[in-house]
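Undergrad: One-letter residues, chain by chain:
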Amino acid sequence: MTLPTLTPLQADLLGGGLGFIFTIALLSYLVGDNPLYRAALHIFIGVAAGYAALVVIYQVIAPRLVSPLLSGNLMVVALAVVPFVLFILLALRLSPGTALLGSISAAYLVGVGAAVAMGGALTGTITGQVQATWLAPGGNLLNNVIILIGTVTTLLYFQFWVRGRTVTGEDERPALLQGIVNVGQVFLVVTLGAVYGGMILSGLAVFSQRLLAIANWLARVF
Amino acid sequence: MEPAPAVNPPADEALPEWLLAAEAAAEPLPTPEAPTERDIPDWLSAAVDAAPASPSPAVLPPSIPVQAQDDIPDWLDMPPTRQPAIPAPQAGPDDIPDWLQGAEQLSTPEPATAPPPAPMPVDAPAPTPAEPDWLSELDLDEMLSAETGTTPSTPAASSADLFGLTPDLFSGLEQPTPGEGLKGGSDELLSELFSEPGERGPLPLSRDDLKTLDGLRFERILDGQEEAQVAPREEKVGALKNVTGVIRPELIFEGGSLRAAGVGEPVVVTDTQRERIVALDALLNAGAETRSAVSRSPWPVRVARWGTAALMTAVVAFVIFSDTPVLPQAGLQPAAGQAHAVLESVPDDGIVLVIFDYDPAAGGELDPLADVLCAHLAKKPNLTLLAISTRAAGPALASRTFARVDRPDSDSAWWNLGYLPGSSVGVRSLVIGMPGGLPSPLARDYSGAETGIEAGSLRALGPDAIVLLVDSAQEARMWVEQLAPYPDVPLVAAASAGAAAFIAPYYESGQIDALITGLPGAAAYQAVGELSAPAGERRAENAQAAGALAALLVIALGSLFYGLERLRPRRGGL
Chain C
6 MTLPTLTPLQ ADLLGGGLGF IFTIALLSYL VGDNPLYRAA LHIFIGVAAG
56 YAALVVIYQV IAPRLVSPLL SGNLMVVALA VVPFVLFILL ALRLSPGTAL
106 LGSISAAYLV GVGAAVAMGG ALTGTITGQV QATWLAPGGN LLNNVIILIG
156 TVTTLLYFQF WVRGRTVTGE DERPALLQGI VNVGQVFLVV TLGAVYGGMI
206 LSGLAVFSQR LLAIANWLAR VF
Chain V
23 MEPAPAVNPP ADEALPEWLL AAEAAAEPLP TPEAPTERDI PDWLSAAVDA
73 APASPSPAVL PPSIPVQAQD DIPDWLDMPP TRQPAIPAPQ AGPDDIPDWL
123 QGAEQLSTPE PATAPPPAPM PVDAPAPTPA EPDWLSELDL DEMLSAETGT
173 TPSTPAASSA DLFGLTPDLF SGLEQPTPGE GLKGGSDELL SELFSEPGER
223 GPLPLSRDDL KTLDGLRFER ILDGQEEAQV APREEKVGAL KNVTGVIRPE
273 LIFEGGSLRA AGVGEPVVVT DTQRERIVAL DALLNAGAET RSAVSRSPWP
323 VRVARWGTAA LMTAVVAFVI FSDTPVLPQA GLQPAAGQAH AVLESVPDDG
373 IVLVIFDYDP AAGGELDPLA DVLCAHLAKK PNLTLLAIST RAAGPALASR
423 TFARVDRPDS DSAWWNLGYL PGSSVGVRSL VIGMPGGLPS PLARDYSGAE
473 TGIEAGSLRA LGPDAIVLLV DSAQEARMWV EQLAPYPDVP LVAAASAGAA
523 AFIAPYYESG QIDALITGLP GAAAYQAVGE LSAPAGERRA ENAQAAGALA
573 ALLVIALGSL FYGLERLRPR RGGL
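Top to bottom, those sequences are chains C and V.
Just so you know, we're using the numbering used here here: the first sequence kicks off at 6 and counts up by one.
Just so you know, we're using the numbering used here here: the second sequence kicks off at 23 and counts up by one.
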């Protein structure tokens, strides 16, 4: 049995039509949860999961585990046995009786992941950002001062020392610290506002592209 | 303790020696006097006033004739009589109840002179005390029948209730048959209690004893049920097959046969209780119903949501379909020039690593960025472009970008290396390389074709530039952190507008050489590089700008509306 071959135009029209239908289905969530939205959501999740499984099989397991094990090179096989054993132990977590053995693999993954993340954060973020706080590129003194004030006051915003409680039961900070915290709160609000604005722009960009694709499809169809 | 055997009525001459000695040793009891008003309990005083003064024929013979003089109240302190009393149980010294032993000791003030305990004769007659005058004047039967609503079967049947301690203890109980013993050690007590009216003496019982009897009453009721409800069964199996009545039937407690009619008061349900019952019933019924986990928003919120969505859709759709120019010109991002300069400095035969770390959902914003950046690199002859991703969908996005970009120089090698697992660990392994012998991520592309790259790590490869396409700040931070030890490699970041705010600090610190964001960034880069844009790209940029203006208007109106709403109660409170 051979599948019918589609011309590029037919494939474009078919793909555009499916895209139009799925766009309408997903936007129908505005009126509430409905079967059309759920059907589109489940299709997307299923397709994404299936695609990810194939990618893992063909790009991870086959070239990085099976091929080394079958290579015949003793050194390569020995190196490939280690992740294979860890993989088997991790799979044992599926059974409650053997789940304890899977902790070895989990501990290895967590330990290595934490070490790599901590090392990267130390050299890539903490050192670089602390250095840039008082030595911002460009040599603009005003910019450096703003960055320094913003960093210090924002960090102090997340400390919760309290001298006591007021008669109404609220935590009372020292007056100087409260003033610093208020400045940090302003920086936080500005930052979160910028993030929120960026997210709106991202959504608008995606929405514009989707409407543009529908417009192009409609132009080809009619 | 063995059950009390059946005994004959005792004869006068059969009194035990110890009892006779006790009587002789005891001081002569004073003649009982009529109790004063102070000695009679309140309830009895009322009964005396209410009852007609008629002598009661009942005589209260004491089954235990001796008591300590100090422990016996005046109205109970009566001399024993020789009238036949209840059959005295045959009991040795060890079988005598504790309370009886105490009475015996009290009756012998000089233990040295007291006769040795002799076996108690079976037919020992119980002395009968004389009835006091005040008691004989009471019509107890009539009084008790009026109190309990029952008619006593015998005139003295309620004399035991005279003490007011067990008004309902013995009601409804049948007289025990001779030889019918009870469990436990209270057979003597029950024999005393179930004796004939004329044979009954004052009850030397404390409240604890009566409580014990109260429990035995239920025990007897259960025994009666056992006999009434459970019939002997014929054995079906074993050595006793076809034999009936050998094995005692199992005791079965059937609560339904216990009748408590008239004991409790009629149930009175107040209005408040009825309301609570109705509310509880409704609550329990509502808990069993299926409810949606998502609560329905109030209609003003829904109207605001639908209105906002309709406005944004109308504005964007109008610009898209009408091709209305909103922005006067493209390219407002100065970082686009920096990014262009970085990629322009790459040699024609250089190596560039392009990282596709975004999802297809963000393709509407990041695909134009990928297109313009790759289009610029496509101008480089003999350039080696390596695409990689830490997301599963990344290879598909890279392939689609490769397909969209027109490459005039066919000698350039563009490799889609595919998926790099392990997140930060995978990036680290790409940077520093895999252990010897294991395949390098740079060796083959996603389809398995060999790339011809001999370097096993990014450090060994030494790319001329790295282009980072991300829609999340986490991925950007991960790449920046792992590439931090090699600051000589230029890094260009193309991010979505939502992630730009968190990536900007790395750009400000110099860890990222150039940062372009969103559709404006793509348009700016396109303008700087004089690159050809896909059809309709300009319309999408205008539509995004128009949508941003509409969103600004909605935010302003919403802030004004909710700000006034907050001010309203404050004014009212002043």
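Some hints here could point you the wrong way.
[Unchecked claim] Partial list, computed: chain C residues near chain V (C-beta under 8 Å):
| no. | residue |
| --- | --- |
| 1 | ALA44 |
| 2 | HIS47 |
| 3 | GLY51 |
| 4 | GLY55 |
| 5 | ILE62 |
| 6 | VAL65 |
| 7 | ARG69 |
| 8 | VAL71 |
| 9 | LEU74 |
| 10 | GLY77 |
| 11 | ALA122 |
| 12 | GLN134 |
| 13 | ASN149 |
| 14 | GLY155 |
| 15 | VAL200 |
Source of the hints: derived by calculation from the structure; they are not laboratory data.
By construction, the Cβ of each residue, glycine as well, lies at the ideal position given by its N, Cα and C atoms.
Undergrad: Hint by hint, say whether it matches the structure.
TA: Results for each hint:
{"no.": "1", "hint": "ALA44", "verdict": "violated, 18 Å"}
{"no.": "2", "hint": "HIS47", "verdict": "violated, 16 Å"}
{"no.": "3", "hint": "GLY51", "verdict": "violated, 14 Å"}
{"no.": "4", "hint": "GLY55", "verdict": "violated, 11 Å"}
{"no.": "5", "hint": "ILE62", "verdict": "violated, 11 Å"}
{"no.": "6", "hint": "VAL65", "verdict": "holds, 5 Å"}
{"no.": "7", "hint": "ARG69", "verdict": "holds, 6 Å"}
{"no.": "8", "hint": "VAL71", "verdict": "violated, 11 Å"}
{"no.": "9", "hint": "LEU74", "verdict": "violated, 11 Å"}
{"no.": "10", "hint": "GLY77", "verdict": "violated, 12 Å"}
{"no.": "11", "hint": "ALA122", "verdict": "holds, 5 Å"}
{"no.": "12", "hint": "GLN134", "verdict": "holds, 6 Å"}
{"no.": "13", "hint": "ASN149", "verdict": "violated, 11 Å"}
{"no.": "14", "hint": "GLY155", "verdict": "violated, 11 Å"}
{"no.": "15", "hint": "VAL200", "verdict": "holds, 5 Å"}
Checked against the numbered hints listed earlier, the structure breaks hints 1, 2, 3, 4, 5, 8, 9, 10, 13 and 14; every other hint is satisfied.
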